[in-house]
Amino acid sequence: MTAMTAPMGKFGQSVKRVEDSRLITGNGRYVDDLVLPGQTHAAFVRSAYAHARIGAIDVSAAAAMPGVVKILTGQDLVDGGLFALPSGWGLTSIDGTPARVGVHHALAVDTVRFVGEPVALVIAETRGQARDAADSVFVEYEELPAVVDMVAALGPDAPQLHPDIPENRAFTWDIGNAEEADAAFARATRRVSIELRNNRLVPNAMEPRAINAEWRAYDGSMTIHLTHQNPIGMRVLFMMLLGLESENHLRVVSPDVGGGFGSKAPAYAEELAVAFAARAVGRPVKWTAERTESFLTDAHGRDHVTRAELAMDDHGRFLGLKVHTLANLGGYISTSNALVVSYMYATMLCGQYAIPAVHAVVEGVYTNTCPVDAYRGAGRPEAAYVIERLAHLAAREIGVDQAEIRRRNFVRAFPHQTPLVYCYDSGDYEGCLDAALRLADYQGFEQRRAEARARGKLRGIGLSAYVEACGIGPSKLLASLGGGGNMWESCEIRVQPAGSVEVLTGAHNHGQGHQTVYAQIISERFGIPMDRITVVQGDTDRIQAGTGTYGSRASVGLSAAVKSCEKIIEKGRQIVGYMLGIDPGAVDFADGIYTSAATNQTVAFTEMVHAAHAATQFPTDQLEPGLVATSFFDPPNFTYPAGVHVCEVEIDPETGVTEVVAFNAADDFGNVANPLIVEGQVHGGLTQGIAQALWENAVYDPDSAQLMTASYMDYGMPRADSLPEFGLAFWPSPTPVNPLGMKGCGEAGAIGSPPAVINAVCDALGIAHVDMPASPEKIWRLCQERQEAL
Amino acid sequence: MYELAYSRPASLADALALLAEDEGAQAISGGQTLMPVLRARLAMPSRLVDLLKLPELAGIRAVDGGIEIGAATTHADVAASGEVRAVLPALADLAGGIGDPAIRHRGTIGGSIANNDPAACYPSALLALGASITTSQRILAAEDFFTGMFSTALEPGEIVTAVRFPACQRARYIKFRNPASRFALVGAFAAQLPSGTRIAITGGGHGVFRWREAEAHLDSGGTIDAITEDMLDLAHFTGDLHGSAEYRHHIAAVIVRRALTALA
Ligand SMILES: Cc1cc2nc3c(=O)[nH]c(=O)nc-3n(C[C@H](O)[C@H](O)[C@H](O)COP(=O)(O)OP(=O)(O)OC[C@H]3O[C@@H](n4cnc5c(N)ncnc54)[C@H](O)[C@@H]3O)c2cc1C
Chain U
10 MTAMTAPMGK
20 FGQSVKRVED
30 SRLITGNGRY
40 VDDLVLPGQT
50 HAAFVRSAYA
60 HARIGAIDVS
70 AAAAMPGVVK
80 ILTGQDLVDG
90 GLFALPSGWG
100 LTSIDGTPAR
110 VGVHHALAVD
120 TVRFVGEPVA
130 LVIAETRGQA
140 RDAADSVFVE
150 YEELPAVVDM
160 VAALGPDAPQ
170 LHPDIPENRA
180 FTWDIGNAEE
190 ADAAFARATR
200 RVSIELRNNR
210 LVPNAMEPRA
220 INAEWRAYDG
230 SMTIHLTHQN
240 PIGMRVLFMM
250 LLGLESENHL
260 RVVSPDVGGG
270 FGSKAPAYAE
280 ELAVAFAARA
290 VGRPVKWTAE
300 RTESFLTDAH
310 GRDHVTRAEL
320 AMDDHGRFLG
330 LKVHTLANLG
340 GYISTSNALV
350 VSYMYATMLC
360 GQYAIPAVHA
370 VVEGVYTNTC
380 PVDAYRGAGR
390 PEAAYVIERL
400 AHLAAREIGV
410 DQAEIRRRNF
420 VRAFPHQTPL
430 VYCYDSGDYE
440 GCLDAALRLA
450 DYQGFEQRRA
460 EARARGKLRG
470 IGLSAYVEAC
480 GIGPSKLLAS
490 LGGGGNMWES
500 CEIRVQPAGS
510 VEVLTGAHNH
520 GQGHQTVYAQ
530 IISERFGIPM
540 DRITVVQGDT
550 DRIQAGTGTY
560 GSRASVGLSA
570 AVKSCEKIIE
580 KGRQIVGYML
590 GIDPGAVDFA
600 DGIYTSAATN
610 QTVAFTEMVH
620 AAHAATQFPT
630 DQLEPGLVAT
640 SFFDPPNFTY
650 PAGVHVCEVE
660 IDPETGVTEV
670 VAFNAADDFG
680 NVANPLIVEG
690 QVHGGLTQGI
700 AQALWENAVY
710 DPDSAQLMTA
720 SYMDYGMPRA
730 DSLPEFGLAF
740 WPSPTPVNPL
750 GMKGCGEAGA
760 IGSPPAVINA
770 VCDALGIAHV
780 DMPASPEKIW
790 RLCQERQEAL
Chain F
3 MYELAYSRPA
13 SLADALALLA
23 EDEGAQAISG
33 GQTLMPVLRA
43 RLAMPSRLVD
53 LLKLPELAGI
63 RAVDGGIEIG
73 AATTHADVAA
83 SGEVRAVLPA
93 LADLAGGIGD
103 PAIRHRGTIG
113 GSIANNDPAA
123 CYPSALLALG
133 ASITTSQRIL
143 AAEDFFTGMF
153 STALEPGEIV
163 TAVRFPACQR
173 ARYIKFRNPA
183 SRFALVGAFA
193 AQLPSGTRIA
203 ITGGGHGVFR
213 WREAEAHLDS
223 GGTIDAITED
233 MLDLAHFTGD
243 LHGSAEYRHH
253 IAAVIVRRAL
263 TALA
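Protein sequences appear in the order of chains U and F.
So that you can map any letter, position 279 of the first sequence is 288 in our numbering, and since no number is skipped, the others follow by simple counting.
So that you can map any letter, position 104 of the second sequence is 106 in our numbering, and since no number is skipped, the others follow by simple counting.
The hints are simulated quantities; they were obtained by calculation from the structure and are not laboratory data.
Watch out, some of these pointers could steer you wrong.
[Stated by the list, open to error] Some residues of chain U that are not near chain F, with every Cβ distance over 12 Å (derived): (1) T101; (2) P172; (3) S484; (4) I578; (5) D723; (6) G725.
[To be verified] Now the stretches of chain F that chain U is said to cover, found in silico as 3 or more residues with beta-carbon under 8 Å: (7) 106-114; (8) 234-248; (9) 251-263.
Please read all numbers here as calculations on a predicted model, not as lab measurements.
The C-beta atom is built at its ideal place from N, Cα and C for all residues, glycine as well.
With these hints in hand, go ahead and build the complete structure from the sequences.
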């Protein structure tokens, strides 16, 4: 092999992802790949009923089956001191009372509240034996009426899910100012209103949830191998829930993780039960979800029913906004959901517009469905959908173009304090709109519409101007809003004697390309090749502090890395000062070389590294040997990525089939570290958003509360061949809130695209609204009505 | 999946013997229907008898006035077959549109028709073209073979060995895809045979059927445009999450018109 010069990283370059060749050649190492000495396997006994009282559980037949090691029920877990799953966010209702959190046992005790809820756990020598025995556990159920629909759940005749929670209402929370909003509406001459449903989604990570837990009786400690987005957060939580002595008694390892989209951020019942079981049997216990279990129990996304009203003047200037949302919590409040439906959602309802008076109410409702939690965008897509559908209706009402109504209302000066807590850091909304319109050839649309009509197709165009909030922080603000965890990220950089660099981060890469981007940024700063830099993540024995990856927060971890780089470079300056016998203040550093302008001497970064470790060229009583730096970055504010999406659809009126024929997006992600990776993130996000608008839909039977879409036969996943070529442009306004000026891009596609698609469908049909997903039959029926109206 | 035994017999005779001696034994071909069923523990055969490599079920052959396709031929092989494309291009197109590449490289024509899923593609081609099905015991006309959803005239232990189609250049299959599974929400196979126009519809819900009213309309000189769902019995259709009976009924007429227009 010929020697190659390893590439140097540079911020802003489209470096190919260095992790991919390992993963696509089958060399990934996932939780399920791990087999531990003495391994046992778990299978769950799950409720086939959505709502039932649990009677006797007869495990005798199952216990006698081959290979069975142990069978645990909910009562066994309670008796063993296992705590119930908590809501990770404290929300206060309008009346001042705290949110009512239904007790969520890892295995149901007394009552099951959704189909698939685990009731018992079988541990056996093989996976097949565990499955066989689970089928032979007999549970007596007294079936209770179930409720899926939120309005019904709040009604007087609804079955009550939790004994102490009347009307199935967990909270009625609000934000903004009701009187100001009323006053704005009183002043307004024009209004538009909408009632909409934000459809429930199943996350569908490629790798299902998995855990392998091992207990060490000799010191009461445990290691949990867990496919998760936030292993460090889970260590604290599991330590408390299992009643372990200290953090040092629990190691959590999240190796390669095959996708999360938010669904691998909560603490789950199954994983907690398996960890408990490992202690109970004193042997490692492994569980990997089957796909059906993923459908039934991975925290679902969205599921809102919203009524919203926008007040305007005669020119279409937005004066006030009122929103009322029912948020379906499912049978229990999942870890982050109280945050997702409140501060991740309602705070973003103004979108890109300067709306002076806003009031939003969110009611959290329990139903006999799978718990809901963060899913790509987590609250922000729901908000963008509300305001961008209203903006579309506003344009119709005032009789102006879709782009024009937005121009008239854009926030134009930054920072911009919204009436909903958040303060937008930076942006150029109109510039971004123009970039998107150019990309989409907005001018030429009417010609394309006419050409389509000649082919018998109805063509429509839809705009969506979204803004979202990423890189959550600072910790203090979040705590004041009810948060139960830190929001900073840490980064330790260890420079080894021979010049390679280990980067330890609490952020977790499961598709985001951290290995590549950290290497790019550190390579550029140190002037060393990218392949000398290795990112270490996902193991609490190696990384003690951090927050994980969710909510597009790569900028937070990378900012911590930049701080550590600066510390290393600064220490190097001092070392070089000693080496050259000059004042460190007179040492410059650029492109991997320390220079003294005065003496014209140079020291390469790698030479400095040797010197740091050799510790012979400087007095170690004045300067410590070694080259390690740790930094923590607590962002002073969120970042607010924004963008404009333009969607064009063609509808076949005879069949109702909607085809997305063009999709263009101009996005402000601030500075872009690696355009190739960012485009990939946008492609994925757009795909999920378009899929929500057209195909994906989790449906429960209204009576039995069975999940009707529990497989790919019935749940409409997007396919590449159903999508157009995406047109993308970046329109960056770098953020001042972090040293890299990065805003985040992971969720933007899924946030901006659903309203763009539905606005396009409404434009094509000349209608006010259609709920997602815009299925062929729904659209066909609307076309029929339209025909009759003509 | 439950534990079970597995055999790969070397000959059709051995396969028949294995199926005959064990009531719980079941044939498996491409496994693209059966494996998901087993995985979900919805069936509990004691033994799988693998037909995929049986020489008697292999191959695509030109026969007098048409083509014979061995039951173990995969959808991908039918789609790629020059012989099939030469005499019956619509069938190659149909096979090339089943599922996805992985499904097409495993799933077989014999498995598809033996299973007779009410949303499967092949049965509509067999019915419209008047294909005949050769089994280990006999030869059956398509009309007699498909007896309702998931049901066929096959006796227990009987194995499909081949399907014989007439040549037909003027045939067309249109699948209106279920957006989730990509099976036929409704599919229509239209063929112009010497005996007249034949139209078969799949996806209705009760199993594949011929739209005889539309056939008669065309054979008596009626126009394509005049074919509407009013001529089609709504009772052939059931509804589900992805489309009501009424919608499927409407779509059937639309795609039949489109298939016929493409032929004209
Ligand atoms: C995701 C997905 C998408 C699909 N999409 C489509 C689609 O769009 N259109 C479509 O038509 N189909 C579709 N299919 C079904 C696919 O075509 C299957 O391959 C086919 O239905 C069954 O064929 P097989 O060879 O896999 O049969 P198997 O699964 O092996 O067997 C099916 C049944 O037939 C019996 N059997 C098999 N061979 C014989 C034989 N020679 N004689 C007697 N009995 C036999 C078996 O005992 C079993 O009961 C799809 C399947 C999947 C999983």
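We went through each hint and held it up to the structure:
1. T101: holds, 39 Å
2. P172: Holds, since 34 Å exceeds 12 Å.
3. S484: Given that every Cβ of chain F is farther than 12 Å from that of U/S484, nearest at about 42 Å, it holds.
4. I578: holds, 51 Å
5. D723: violated, 5 Å
6. G725: Answer for U/G725: violated, closest chain F Cβ roughly 4 Å.
7. 106-114: violated (count 0)
8. 234-248: It holds: at least three residues are needed, and the stretch 234-248 of chain F offers 4 whose Cβ sits within less than 8 Å of chain U.
9. 251-263: Holds: 3 residues of the stretch 251-263 of chain F have a Cβ under 8 Å from chain U.
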